[in-house]
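The whole structure should be built from the sequences, with the hints applied where relevant.
Listed here are the chains, written in short residue letters.
Number of protein chains: 2
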Amino acid sequence: MKYKIKSRIWIEADDNILLGEGRVALLKAIEDTGSLSKAAKSLKMSYKKAWSLMDALNNRAEKPVITTSIGGKGGGGAELTDYGKNLVKAFETINQNCWEFLDQEMKKQLYHDF
Amino acid sequence: MKYKIKSRIWIEADDNILLGEGRVALLKAIEDTGSLSKAAKSLKMSYKKAWSLMDALNNRAEKPVITTSIGGKGGGGAELTDYGKNLVKAFETINQNCWEFLDQEMKKQLYHDF
DNA sequence: TATCGCTATATCTCATCAAATATAACGACA
DNA sequence: TGTCGTTATATTTGATGAGATATAGCGATA
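Top line first, the protein sequences correspond to chains A and B. In this text, residue positions in the first sequence follow numbering that gives the first Met the number 0: the first is 0, and each later residue adds one. In this text, residue positions in the second sequence follow numbering that gives the first Met the number 0: the first is 0, and each later residue adds one.
Because the hints were derived from the structure by calculation, they are not lab data. Fair warning: there could be bad hints in the mix.
Any copy will do: because identical chains look the same in the list, a pair fits if it lies in one copy or spans two.
Stated by the list, open to error - DSSO-like, lysine-lysine: derived pairs with alpha carbons at most 30 Å apart: (1) K43 - K107; (2) K62 - K107; (3) K27 - K106; (4) K106 - K47; (5) K106 - K84; (6) K37 - K106; (7) K72 - K106; (8) K47 - K107; (9) K62 - K3; (10) K1 - K62; (11) K106 - K5; (12) K3 - K72; (13) K48 - K27; (14) K72 - K5; (15) K40 - K27; (16) K106 - K62; (17) K1 - K43; (18) K84 - K43; (19) K88 - K48; (20) K3 - K47; (21) K37 - K107; (22) K72 - K1; (23) K40 - K106.
This is the structure we're talking about:
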């Protein structure tokens with residue numbers, strides 16, 4: 000059997016996407032680099048796109064997910080709030096569990112139908 | 000809590016998409032209408048797109064998923080093979096189970112982290 | 001007070017993908 | 001043997017989204 004099952008999960012708020020794999024990757028890069036522009040660069044993403052993603056995330060979430068500062072030492076920066084860290088952790092846990100669940104489901108179906 | 004979790008699953012063969020929600024919807028429409036062009040129309044999809052999807056599906060699957068005929072009474076038509084029907088059934092079962100699983104997972108996380 | 005790297009935002013260009021259009025071939029049936 | 005509604009395929013047109021570019025403003029620090 001050469002078939003593989005794949006999945007993509009995301010969290011919505013008010014029928015708008017809040018958090019998916021791309022935004023989680025960006026959040027983790029922000030956590031690592033301390034800056035939105037460096038995070039974007041590390042993911043080979045334009046600053047504009049990264050900013051748009053984080054702007055939408057911050058506006059739609061119940062509480063701020065990242066905080067930013069302009070000017071000062073280093074020019075400014077961005078970092079995750081505790082709430083943001085929890086969101087990332089929850090997302091990754093669910094995502095991992097989903098993969099494992101689907102692999103099991105696929106095996107069940109293969110046994111029956113193919 | 001206004002957050003909702005969503006998912007999309009698909010089956011790949013050789014790193015190419017084989018079957019996802021769109022193709023399953025098309026297969027069911029073919030089953031209902033007996034024709035690829037009618038199925039496409041019922042989903043407001045161009046014939047070309049529908050044909051391309053089913054061509055890729057048939058070529059990548061281990062066995063044919065639909066059979067087609069040209070000319071004759073009614074001009075021809077398309078129908079699912081038994082293998083195709085099993086694929087659809089398996090996909091929908093897994094997809095349904097995945098939704099239920101994710102809803103439970105979401106509740107767990109909400110309880111802990113938000 | 002000049003510098004620096006960052007956030008924040010608008011605008012324009014381009015590539016990619018989808019849709020629309022056109023056409024050939026087929027075979028049962030009247 | 002002509003008609004009809006399909007399948008099958010190429011080509012052209014159009015729209016949407018991503019990327020590139022440009023610019024302003026900020027504040028700690030030297």
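Hint check:
1. K43 - K107: neither (39 Å within a copy, 34 Å between copies)
2. K62 - K107: For K62 and K107, only the inter-copy Cα distance (20 Å) is at most 30 Å; the intra-copy one is 41 Å.
3. K27 - K106: Answer is between; shortest inter-copy Cα gap is 24 Å, intra-copy 32 Å.
4. K106 - K47: neither (42 Å within a copy, 34 Å between copies)
5. K106 - K84: Classified as between; 18 Å across copies, 34 Å inside a copy.
6. K37 - K106: For K37 and K106, neither the intra-copy (42 Å) nor the inter-copy (34 Å) Cα distance is at most 30 Å.
7. K72 - K106: neither (55 Å within a copy, 42 Å between copies)
8. K47 - K107: This pair counts as neither: shortest intra-copy Cα distance 44 Å, inter-copy 35 Å.
9. K62 - K3: For K62 and K3, the Cα distance is within 30 Å only across copies (16 Å; inside one copy 37 Å).
10. K1 - K62: Classified as between; 12 Å across copies, 44 Å inside a copy.
11. K106 - K5: both (13 Å within a copy, 23 Å between copies)
12. K3 - K72: This pair counts as neither: shortest intra-copy Cα distance 49 Å, inter-copy 39 Å.
13. K48 - K27: The answer is within: 16 Å in one copy meets 30 Å, while 38 Å across copies does not.
14. K72 - K5: neither (44 Å within a copy, 41 Å between copies)
15. K40 - K27: Classified as within; 13 Å inside a copy, 44 Å across copies.
16. K106 - K62: between (40 Å within a copy, 19 Å between copies)
17. K1 - K43: This pair counts as neither: shortest intra-copy Cα distance 32 Å, inter-copy 32 Å.
18. K84 - K43: within (23 Å within a copy, 42 Å between copies)
19. K88 - K48: Intra 23 Å, inter 39 Å, cutoff 30 Å: intra-copy only.
20. K3 - K47: So K3 and K47 pass the 30 Å test across copies only (27 Å; inside, 35 Å).
21. K37 - K107: neither (44 Å within a copy, 34 Å between copies)
22. K72 - K1: Intra 54 Å, inter 38 Å, cutoff 30 Å: neither.
23. K40 - K106: Classified as neither: same-chain Cα gap 40 Å, cross-chain 35 Å, threshold 30 Å.
Violated hints, listed in ascending order, are 1, 4, 6, 7, 8, 12, 14, 17, 21, 22, 23; each of the other numbered hints is respected by the structure.
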